[in-house]
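Colleague: So the chains spell out like this:
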Amino acid sequence: MRDLHKSYGNVHAVQGIDFEVARGEVFGLLGPNGAGKTTTVEVLEGYRERTRGIVSVVGHDPGGRPRALRERVGIVLQSSGIYRHATPRELITHWAGFYPAPRDVEEVIDLAGLRESENVLTRKLSGGQARRLDFALALVGDPELIFLDEPTTGFDPAARRAAWETIRALADLGKTVLLTTHYLDEAQALCDRVAIIKDGRILAVGAPAQLGVGASSRYRVSWRAEAGELVSRETDDPTGLLHQLTSAALARGTGLEDLTVSRPSLEDVYLELTAEVADEEPSR
Amino acid sequence: MTAALALTWRQYRLERTMFWRNPSAAFFNFVLPLLFLALFGAIFSGSQEDLDIIVPGIAGMSIMTTTFVALAMNLVFLREQGVLKRLRGTPLPSGVYLASLAAHAVTNTTIQLSIVVGAGALLFGVGLPQDWLMLAVFVAAGVACLTSLGVALSHAIPNFDSAPAYVNAIFLPVIVLSGVFYDAEAAPTFLRDIAQALPLTHLIDGLSAAMVSGAAFSDHLDDLAVLLIWGILGAVLAVRGFCWEARRG
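So the protein lines, in turn, are chains A and B.
Using my numbering, you'd call the opening residue of the first sequence number 1 and step up by one each time.
Using my numbering, you'd call the opening residue of the second sequence number 1 and step up by one each time.
Source of the hints: derived by calculation from the structure; they are not laboratory data.
The C-beta atom is built at its ideal place from N, Cα and C for all residues, glycine as well.
One or more of the hints may lead you astray.
[Unchecked claim] Computed, partial: chain B to chain A, Cβ under 10 angstroms:
{"#": "1", "residue": "Thr2"}
{"#": "2", "residue": "Arg21"}
{"#": "3", "residue": "Leu78"}
{"#": "4", "residue": "Leu92"}
{"#": "5", "residue": "Asn168"}
{"#": "6", "residue": "Leu172"}
{"#": "7", "residue": "Pro173"}
{"#": "8", "residue": "Arg240"}
{"#": "9", "residue": "Gly241"}
{"#": "10", "residue": "Phe242"}
[To be verified] Going by beta-carbon spacing under 8 angstroms, a handful of chain B positions derived as facing chain A:
{"#": "11", "residue": "Leu14"}
{"#": "12", "residue": "Asn22"}
{"#": "13", "residue": "Ser24"}
{"#": "14", "residue": "Ala26"}
{"#": "15", "residue": "Gly82"}
{"#": "16", "residue": "Arg86"}
{"#": "17", "residue": "Thr90"}
{"#": "18", "residue": "Ala197"}
{"#": "19", "residue": "Leu198"}
[Unchecked claim] Label pairs and their calculated CB-CB ranges:
{"#": "20", "chain 1": "B", "residue 1": "Ala197", "chain 2": "A", "residue 2": "Ala101", "range": "51 to 57 angstroms"}
{"#": "21", "chain 1": "B", "residue 1": "Ala42", "chain 2": "A", "residue 2": "Asn119", "range": "55 to 61 angstroms"}
{"#": "22", "chain 1": "A", "residue 1": "Glu49", "chain 2": "B", "residue 2": "Ala42", "range": "54 to 60 angstroms"}
{"#": "23", "chain 1": "A", "residue 1": "Asp104", "chain 2": "B", "residue 2": "Gly214", "range": "40 to 46 angstroms"}
{"#": "24", "chain 1": "B", "residue 1": "Ser114", "chain 2": "A", "residue 2": "Gly154", "range": "44 to 50 angstroms"}
{"#": "25", "chain 1": "A", "residue 1": "Ala22", "chain 2": "B", "residue 2": "Met1", "range": "36 to 42 angstroms"}
{"#": "26", "chain 1": "A", "residue 1": "Asp156", "chain 2": "B", "residue 2": "Ser94", "range": "33 to 39 angstroms"}
{"#": "27", "chain 1": "A", "residue 1": "Asp110", "chain 2": "B", "residue 2": "Val239", "range": "40 to 46 angstroms"}
{"#": "28", "chain 1": "B", "residue 1": "Ser114", "chain 2": "A", "residue 2": "Ala22", "range": "26 to 32 angstroms"}
{"#": "29", "chain 1": "A", "residue 1": "Gly127", "chain 2": "B", "residue 2": "Val239", "range": "51 to 57 angstroms"}
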């Protein structure tokens, strides 16, 4: 995808986004609400026409929503509305009929973790179970590429972990995954590469660990001082600093409580990159 | 082509299965018109003249509930829930989907009309339809017309909470004006003029001729023409306004 632009009237939701996702990669679009993540993904999915730019998804232009493209991608939307008076098993079986070479229904039910709720009407499913059904329906056509738009927003921690497991399982099957999220830990836990996006522009792209390193080569050392407050200091030379700290502590005959040494996390980079615009206007 | 038909059949089967599991849909489609038939049948039980009006009237109303009302409500619900958007992301062709919805509505209409016609013959002394072919033609025209108008209406409804208000604001005046419950000819002139513009009036006219009076088909071609005009208008609006996604804001 090159130089993607999308405007609604005078609102430029996406202004010049470029990225490429390799086969088998889990790629994340990370950014605050209203950054243009969903707009970008919906252009790729064929739901929205782009204003300009060149877009290719598994070799097709998604603009005309060609059926050949729809047969090769699976989509998990932000909202998980589904027929209320059918069961997961019925829906997965039905969805399988849409695709030329679907996966085995039983396998998909197991993969998505729906075995216990396969015969429950969908209106009785919990949020987490409904999300599993979303994954199952996106997966049953055996797509090469799966879009996940904020797959765990609004989930409790247990449901999030379960969703992460499913997403890792998709990656293990060799699927290419493009996900959007505004959770840093999610991007860090799941993605091979992340693009940080804000106000319709990409601010940085790279592996989560590299993004941290790239922004700064400094280490952060923190510990609890004698007065009880947490002190942290950034340094290029963690060995030297630690030596000073530990010798001083040993000399005093006290311990260093809560001592940690960390690299700048994705979170630090993210906050640094998105900070300058954060005060201007509340995001949508 | 065979594949498309097979897919339509699959989608149709799913729609049927889900329909019977949804008590409120079954109620609106089947029970309400039959309740009206029973009530008005009891009220007018002494007067064959009135029964001859109410039975085709309820038949026309049934066509409207199983197509117009059901589709408008259902499509708004599916759109606002994001089901339409989800389907649009699959390889299911739009035409296949819409054909299966139409087939689903036609099945409901057929079941409903069979009950109304049967009850008319067995319980209300209306007798079996005089002209089966004419009945079939008018039912087909009514279904096509009211289906497309129902789809068109769904575009005008902003969200699901307001759907019953929009649908009833049209449905209730229309069934009263169109002479479901009385002979539309007996109404005051200005009401009669409004009624003459409504498709249901002409549908009931045609049904009445086919079921009760046995009037010649050629005398009712104007009724068919009105249904056709409304049907074309509805189809244009239905296709042009079709929206797969929930409205924002």
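Colleague: For each hint, tell me whether it holds in the structure or not.
Modeller: Structure-based check of each hint:
1. Thr2: violated (14 angstroms)
2. Arg21: holds (4 angstroms)
3. Leu78: holds (8 angstroms)
4. Leu92: Constraint on Leu92(B) satisfied, holds at 5 angstroms.
5. Asn168: violated (22 angstroms)
6. Leu172: This hint is violated: Leu172(B) lies away from chain A, its Cβ roughly 27 angstroms from the closest one there, beyond 10 angstroms.
7. Pro173: With Cβ-Cβ at 31 angstroms, over 10 angstroms, it is violated.
8. Arg240: violated (17 angstroms)
9. Gly241: violated (17 angstroms)
10. Phe242: violated (14 angstroms)
11. Leu14: With a minimum Cβ separation of about 5 angstroms from chain A (threshold 8 angstroms), the hint on Leu14(B) holds.
12. Asn22: holds (5 angstroms)
13. Ser24: violated (11 angstroms)
14. Ala26: With a closest approach of 11 angstroms, the Ala26(B) hint is violated.
15. Gly82: holds (3 angstroms)
16. Arg86: holds (6 angstroms)
17. Thr90: holds (5 angstroms)
18. Ala197: Cβ of Ala197(B) sits 37 angstroms from chain A, so the hint is violated.
19. Leu198: For Leu198(B), the interface hint is violated, since the closest Cβ of chain A sits about 33 angstroms away, which is over 8 angstroms.
20. Ala197(B) / Ala101(A): 51 to 57 angstroms: Between Ala197(B) and Ala101(A), where Cβ atoms are some 53 angstroms apart, the hint holds.
21. Ala42(B) / Asn119(A): 55 to 61 angstroms: violated (43 angstroms)
22. Glu49(A) / Ala42(B): 54 to 60 angstroms: Since the Cβ atoms of Glu49(A) and Ala42(B) sit about 58 angstroms apart, the hinted range of 54 to 60 angstroms holds.
23. Asp104(A) / Gly214(B): 40 to 46 angstroms: Between Asp104(A) and Gly214(B), where Cβ atoms are some 59 angstroms apart, the hint is violated.
24. Ser114(B) / Gly154(A): 44 to 50 angstroms: holds (47 angstroms)
25. Ala22(A) / Met1(B): 36 to 42 angstroms: At 39 angstroms between Cβs, range holds.
26. Asp156(A) / Ser94(B): 33 to 39 angstroms: holds (37 angstroms)
27. Asp110(A) / Val239(B): 40 to 46 angstroms: Because 42 angstroms falls inside the window, the suggested range holds.
28. Ser114(B) / Ala22(A): 26 to 32 angstroms: 60 angstroms Cβ-Cβ, so the 26 to 32 angstroms window is violated.
29. Gly127(A) / Val239(B): 51 to 57 angstroms: The hint (51 to 57 angstroms, Cβ to Cβ) is violated, given that Gly127(A) and Val239(B) are roughly 36 angstroms apart.
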